[in-house]
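Asks: Residue numbers (our numbering), protein chains in the order written: chain A, 198 to 748; chain B, 198 to 748.
Keep in mind that the hints are not guaranteed to be accurate.
Note that identical chains are pooled: a pair holds if it fits in a single copy or bridges any two copies.
[As the list claims (entries may be wrong)] Result set (BS3-like, lysine-lysine): computed pairs, CA atoms no more than 27 Å apart in a straight line: (1) K612 with K673; (2) K692 with K494; (3) K735 with K612; (4) K732 with K448; (5) K735 with K441.
Don't read these hints as lab results, they were simulated from the structure.
Nothing here was measured: the structure is a model prediction, and the numbers come from that model.
Number of protein chains: 2
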Amino acid sequence: QPWSTTAEGQRAEGKLKSNPYDIDAWGILIREAQGQHSSRARILFEKLVIQFPTCGRFWKTYIEHEMGHRNYDKVEKLFQRCLKRVLHIDLWKCYVNYVRDVKRELSNYREKLTKAYEFALDNVGLDMNSTSIWKDFIHFLKTSDCTGTFAETQKTNQLRKTYQRAIATALQGVENIWKSYSDFETGCNQSLAKKFIEDKTRVQMAARRTAKAFETDYRSLNKNGPPTPPTGNPKELQQIDLWKSYINWEKSNVLQTDDMVTLTKRVMFAYEQCLLVFPYHTHIWYEAAQYLESRSKFMAERGEPIHSNQMAEEVANWYERSISHFLPDSLLLYFAYSDYEEGRMKYEKVHKIYEKGLENEELDPTLIYIQYMKFARRVEGIQGARVVFHRARKDTKSKHHVYIAAALMEYYSSKLTITALKIFDLGLKKFGAESTYVLAYLDFLTHLNDENNARVLFEKALSQVPPEQTGEIWDKFYEFENNIGDLTSLLKVEKRRFESLEELLPERMKEKEATAVVDRYKYLDLYPCAENELKVMKYRSRSGQLEVGVK
Amino acid sequence: QPWSTTAEGQRAEGKLKSNPYDIDAWGILIREAQGQHSSRARILFEKLVIQFPTCGRFWKTYIEHEMGHRNYDKVEKLFQRCLKRVLHIDLWKCYVNYVRDVKRELSNYREKLTKAYEFALDNVGLDMNSTSIWKDFIHFLKTSDCTGTFAETQKTNQLRKTYQRAIATALQGVENIWKSYSDFETGCNQSLAKKFIEDKTRVQMAARRTAKAFETDYRSLNKNGPPTPPTGNPKELQQIDLWKSYINWEKSNVLQTDDMVTLTKRVMFAYEQCLLVFPYHTHIWYEAAQYLESRSKFMAERGEPIHSNQMAEEVANWYERSISHFLPDSLLLYFAYSDYEEGRMKYEKVHKIYEKGLENEELDPTLIYIQYMKFARRVEGIQGARVVFHRARKDTKSKHHVYIAAALMEYYSSKLTITALKIFDLGLKKFGAESTYVLAYLDFLTHLNDENNARVLFEKALSQVPPEQTGEIWDKFYEFENNIGDLTSLLKVEKRRFESLEELLPERMKEKEATAVVDRYKYLDLYPCAENELKVMKYRSRSGQLEVGVK
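Isolated chain A, as found in the complex:
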């Protein structure tokens, strides 16, 4: 049942079914909704903000439509839903203006508006484009009626505090606020003004310099782009680079403040802004968490345990938020989160995180089991790891990697070669046709110098693994004979390999024929031919890469 009543709109809805991130299609529907009554429009706008929950521009569109129809209760509920999550400057300006314009009739209007301004400045006051909110607030404070010396003093103090916060922030056009502040101090008290102004000069110079320096780059940041999953297209990569340089610039403490809490806030504000546009980019979440963690450690070293602990909690919340809301399928974030909690020795929580990952039906549990096993080994010893492995074995979704990891763990960590071999054999029953698995087992056996079993496994593998995946097994077999066998068995393997692979890839192998001999005689980085010879032979190393820069 399409929502749209036009042919174009219905086509757009069709498009969204295959690609819910199709911005042009959304554009068509938004324009249609803007001409509709709110009850109908709302259906579309709800879909829109659910699809793009971090997109300030779309929330604003939705809210403005409700405002146009004077559905103020709806407006306020929408603000409640988005404001704290979407630190988008235009959305917040819209909010402040709403309070200013709509609440005028209320008895506690001034109080409400003051709160709104303070709320906005606490949340987006670091935004370079928040200048107008600062100015409006200052103007509002200035024009407030007050009677009595006490009230006058209070007003002056609040104005001064606001001015000083504003001029210490890198805002666009901060110099105007500075001028207005000078006038204000001079107006208050000619003789004290000089001292105040002198005091704050350095700070406002830094803010002004900062705002200037980044103005151009900041303007090229696209803060309205509706977020999509990573695509890797050049425009996206360029925007990521811009955001990163903005974030790094904040990290470099541009305002030269000694207040590390403020610095951290500024950096995290930058990350938040970036994540409004790229909420599905795992590594940005991860980097922000890394940064916050390093700050927390820094605070601890500095002897500020309260701030340190607070930030440490924020790190955990940050990870939680990322996997709960935006990236429930990001293994990387699960693992980073687990490791973080492991580092804080919150082992119960680590278990919960791994369990959460394992409960997620969308995820291949293999890597989760492996990391879980490693965690268990570190914290509970090999017994703990075995419990996880036992569970992994029973899970029909786990792949062969779990067996390899478990076997090698027994070997490297508990030094039980026999147990390792048993696990490998166990896995072989299930994954004997899986070349990666067999290769890992072969690698293990050859390094153990277990010639006989290796030879048996080679033959078994070559009979079980699908022929088109035997390339590496043949290579390993060849290397094995090159280490151990005589020339006849070596040449026999070479011939068998060639014959077996020739059927599959006749063209590629014809070139290989000539260059197999290079592989036979090379040793590490030593080649039996000069570089130009390899070139005319079209030599490629086993890995398939054309070798360059040899000898």
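Since the structure of chain A is already known, use the hints to place chain B on it.
Replies: Chain B alone, transformed into the frame defined by chain A:
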């Protein structure tokens, strides 16, 4: 002291000093020489044929110049020097014409000329362009005077034999010879002719079809290009491909003959032709030897030991010729030659070949020692290999690879772990700053599960190896701790690695920072991120390659 008397010529000589293969420069000098008296010209031509010993065109130019000055003794010496080595059709035609025209006055003229024709046809009679020699010879035989029935019969037999050889060869214009042959038989004996002609029809059809089929491709073979060392430029690669398809075409037994000796001769003739143009292309020598060897085996299987042995000797001669005359620095040919003789159990000869390689001052002996050691192990057991290793250790030119090979040989082949460790330690004293060496040792220790020594070696390596080469050592250290250590030691290594490498490659590392976490959590081919995420993270695997096709 320049040879040329002109400014242009002297410039050309200057050019040849930096690039003796500069064909344009040679061209200028050749033109100058062609206008000179033979005593002066000879100086240049000698240089020319020494530089390009396989280039038939240049030999011909030289000889024609001497002919022009009637220096027939010189001419004959020149033919002696080049003919057998240079199976270039135009050069051979020049020779036959020389005998025909110059020897006319001799009393044994006809005898001499007959020999010359037979000599030419034995050597280049398989050349598609040798038609005129065949025709001339036939004409010459036809016009010979003879008296008596016996002489007549002999003449007829010789003519018939020559005709039949010619029509069985894929020659350009072979159909004319066929026609002339038919006439000849009809002229001899009307009734027998039919049988003779019927008999040979199939063979001449095959030859004719063959000549036709390859005519165009054959014409694009550049048979005059003066040989240069491999450069890998597209023209060269294209020519190599053309030659290869010509050779493969011969290998496919185009004439459908049952005579395997003839087939082999044709193929080897094609290789000889190709090597006139590419005598410095190792792999062509090698492939030809491989072919000849396979033919020798085939003959043995067929129960023709005499032919088989003869071909087997030819293989050895072929290798000998390649390293003696053209490619004395080609390790590949030394090794292939040795393996070939080892396969024939001519162990004395193998020793001689390796000795020859070791005597060559131009060659890095490392790889030779390694292959020599492997040979000795296979044939004489580990004791023999140790003798070679002992010698390698004393040779100041051998590199660290020898120690690695020797140590692993003791481990894999004689199962002496302690000896292997001793050799590794021995090498460490000399090559402790060589990252490849240390990595091989580390690999050995970690696979042995020798944790303590591995840890000691890691620290030692990181202090001795030049920092810019420690990347892989850090990676291995990290992997080691990931297998064995707790989270703290793992993160410690990660941090140390990052700090150490950051100083060296700050730019590269900044990107690495974000992606190091991927390496931490990936397992074999399982990644903690989707492919599109890796892409936006600019993730590269440890080997530096951008990963594709994962997960």
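Asks: Evaluate each hint against the coordinates.
Replies: How the hints compare with the structure:
no.	hint	result
1	K612 with K673	both (25 Å within a copy, 19 Å between copies)
2	K692 with K494	between (60 Å within a copy, 14 Å between copies)
3	K735 with K612	neither (44 Å within a copy, 37 Å between copies)
4	K732 with K448	between (48 Å within a copy, 25 Å between copies)
5	K735 with K441	between (41 Å within a copy, 14 Å between copies)
Of the numbered hints listed earlier, the single one contradicted by the structure is hint 3.
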